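Throw the hints in and build the complete structure from the sequences for me.
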Amino acid sequence: MSKNNNQLSTPSSTLPKTPTGIQGLDEITGGGLPTGRPTLVSGSAGSGKTMLAMEFLVRGATQFDEPGVFMMFEENAAELTANVRSLGFDLDRLVSEKKIVLDYVHIERSEIEETGEYDLEGLFIRLGYAIDTIGAKRVVLDTVEALFAGLPNHAILRAELRRLFRWLKDRGMTAIITGEKGDAAVTRFGLEEYVADCVIILDQRITEQISTRRLRVVKYRGSVHGTNEYPFLIGERGLSVLPITSLQLNHEASAQRLSTGVARLDDMLGGKGVFRGSSVLVSGSPGTGKSSLGATFIDAACRRGERALLFAYEESPAQILRNMCSVGIDLEQWIKQGLLQIHSSRPTLRGLEQHLVMMHDTVRDFQPTVIVVDPISNLSFERNEAEVKPTLMRLIDFLKQQQITTLFTSLTAGGATPEDSQVGVSSLMDTWLLLRNVEFNGERNRTIYVLKSRGMAHSNQVREFILSDAGIDLVDVYLGVDRVLTGTARLAQESRERAAAELRRQDHERKLRQLASKQKAIEAQIALLQAEAEAEAAEVNFAIAQEVLQEKTTQQNTSTMAQLRDGVKTGNNRIKGTL
Amino acid sequence: MSANESPTNDSDSALYELRLYVAGQTPKSLAAFANLKGICETHLAGQYRIEVIDLIKTPQLAAGDQILAVPTLVRRLPEPIKKIIGDLSNEERVLVGLDVQPVVV
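Residue numbers (the numbering used here), protein chains in the order written: chain A, 1 to 579; chain B, 1001 to 1105.
These are calculated hints, taken from the structure and not from any lab test. Predicted model, so just to flag it, every value in this text is computed and none were measured. Treat the hints with caution; some may be incorrect.
In silico contact screen, one side only, chain A against chain B (beta carbon under 7 Å); selected entries [stated by the list, open to error]:
#	residue
1	106
2	111
3	112
4	113
5	114
6	115
7	116
8	122
9	123
10	126
11	129
Just a sample of chain A residues kept apart from chain B, beta carbon distances all over 12 Å, derived [what the hints assert, rightly or not]:
#	residue
12	92
13	252
14	319
15	365
Coverage of chain B stretches by chain A, computed from C-beta distances (three or more under 8 Å per stretch; other residues unrestricted) [to be verified]:
#	segment
16	1055-1068
17	1074-1083
We treat Cβ as the ideally placed atom computed from N, Cα and C, and that holds for glycine.
If you want it as structure tokens, here you go:
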């Protein structure tokens, strides 16, 4: 009850309420049943009316120090005691401790003759006596309608019942009156006419051979209440009405991050993994590695010394341990250390609600920080999405409130798009990882990507998801022009790329070499031309020198000749003249 | 009505052991007692014993005979136990309820 105290003390509950102590019911009713007033609980046979009423009394006697009177009209005390023992209620002890009085009111029609006026003062006296002996605060009348079969005069009976309810109110008794559900009305004999303060209807429905009990607060005069139909169960600890955490969305949001156990996946999730207390959905078609991812998540948690809980709906614990060994995850050590519990069951074993309550109980006992549900889609097998979603929502709310990080796997049917998560719970999830098979080039490969992850910068990249005997690893995929390549196609593409790069490198070298030799050739040519130019220049100089020499020589000759001819000037002249 | 025990005749030879449950001295209980007394005197003279139980004084006795309605007349003997509820104003019905052959007057 500690969690509900804030709800009990809300100013809106000006109407005093008496907590029933029944899980969930006090949340729906905002604190319990109206104090000092009768409440009508109606339902068909086997819907759990008596159990609800009994738990109301037992909890009152044991938890709230309010003794109670159980007046039964159908079962006798011994039968009832035996029946509720299965819920762990020890009526014999409570009776001997004077906390509960059981009074079996029985009328055998065949023994009774009716003549003249009468009233039911005897019933009042009995009830009053029982109340007085233990100082009762709570009263249950189960099922007062049985009187209609025993007493022929219904006019008197109705008048007396009206008086009885009035009387209970006057005595300040918080009472539960049970009634059989009628065809058209709330109860067969119209008890709702007299009990107008609070009306609760119980119902048992069978869908796909699995029965679910439901509870609805039809009416609660002077108080706000949840108006929906809520599934409830009769379990080993009495009744549980889901939602366990109901009307509010006020859980804490932790900023702490948890590793998923796959380093590269953490990288994709903003580099640090998921938030503590968040919910992670891993969806994918068969064989995409969902369970392995879940096991890795558990393994990582146990390595940190945290407690983990695995709900498996496909495999037995032994099978899981063996299979996870094949991918290098040894879960058995954690079980031995008491860090891990595996709960395997067939989803069809119970209704969804029962599964959830079982989970709820286990979670409360084991107090894990990490839960893996594998797969959640099995829980909703063949079920109406509309009824699955609110139930799961309540579970997720509960887990969030406990700051438990949860990983749900979800199987997507072959053919459906992977985004089409069967359960329709994706909106409840904080992080959604999608595992996908890519079939190409004669092989099937796994890819993973982060479809969404609230509150963190997450990668938009598709990664190849590799399962080996060393566990899970993520590899970058090759992004081709129009598709993602994985597996050998990726390897082939990568080697093609390597070859092409090598080729290009060689090409470059060749080109450089060519350039170098060309440069050398040009340099050689330049040298040749220079040499030629030098040679030509030398020749020209030589010629010039020769001519100069010749001229000199000629001049010399002339002068020599002139000297020679100095003696014979005339002769010289003659010669000249002759020339 | 003041006494719990109201033996009318030799109690040892009573064949009919009757118990009348009432809740206080209401007109209904007074009428029932008067009616019962008259019927017994007429049809069971000397064979009956009437015990009147006021549940307001002894409420713990109500559960034993499964009393709901008052007044209730319980025929404890001869067995089987028979109950007649109401103010016993219909003599014929009371005789049928007690399984008594009416004495023809």
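For each hint, the structure was consulted:
1. Hint status for residue 106 of chain A: holds, given a least beta-carbon distance of 5 Å to chain B, under 7 Å.
2. Interface hint status for residue 111 of chain A: upheld, as the beta-carbon distance to the closest one in chain B is roughly 5 Å, under 7 Å.
3. The restraint placing residue 112 of chain A at the interface with chain B holds, with a minimum CB-CB distance near 5 Å, inside the 7 Å limit.
4. Below 7 Å, beta-carbon pairs count as interface contacts, and residue 113 of chain A has one with chain B at about 3 Å; its hint therefore holds.
5. With its C-beta approaching chain B no nearer than about 5 Å, residue 114 of chain A sits inside the 7 Å limit, and its interface hint holds.
6. Satisfaction of the interface hint for residue 115 of chain A is found here, the shortest Cβ-Cβ separation to chain B being roughly 4 Å, below the 7 Å cut-off.
7. Because the beta carbon of residue 116 of chain A sits about 4 Å from the nearest beta carbon in chain B, less than 7 Å, this interface hint is met.
8. Taking 7 Å as the C-beta contact cut-off toward chain B, the hint placing residue 122 of chain A at the interface holds, the least distance being around 4 Å.
9. Below 7 Å, beta-carbon pairs count as interface contacts, and residue 123 of chain A has one with chain B at about 5 Å; its hint therefore holds.
10. A hinted interface residue such as residue 126 of chain A counts as satisfied when its beta carbon comes closer than 7 Å to some beta carbon of chain B; here the least separation is about 4 Å, so the hint holds.
11. Because the smallest distance between the Cβ of residue 129 of chain A and any Cβ of chain B comes to about 4 Å, under 7 Å, the interface hint for this residue holds.
12. No beta-carbon of chain B comes within 12 Å of the beta-carbon of residue 92 of chain A; the shortest separation is about 18 Å.
13. With a least beta-carbon separation of about 54 Å from chain B, residue 252 of chain A lies farther than 12 Å from that chain, consistent with its non-interface assignment.
14. The claim that residue 319 of chain A is not at the interface with chain B holds, since no C-beta of that chain comes within 12 Å of its own (minimum 59 Å).
15. With 12 Å as the threshold on Cβ separation, the claim that residue 365 of chain A sits away from chain B holds: the shortest Cβ distance comes to roughly 42 Å.
16. With a cut-off of 8 Å between beta carbons, the segment 1055-1068 of chain B has 9 residues touching chain A; three or more are needed, and the interface restraint holds.
17. Proximity of the segment 1074-1083 of chain B to chain A, defined as three or more residues with a beta carbon under 8 Å from a beta carbon of that chain, is established by the 4 residues found.
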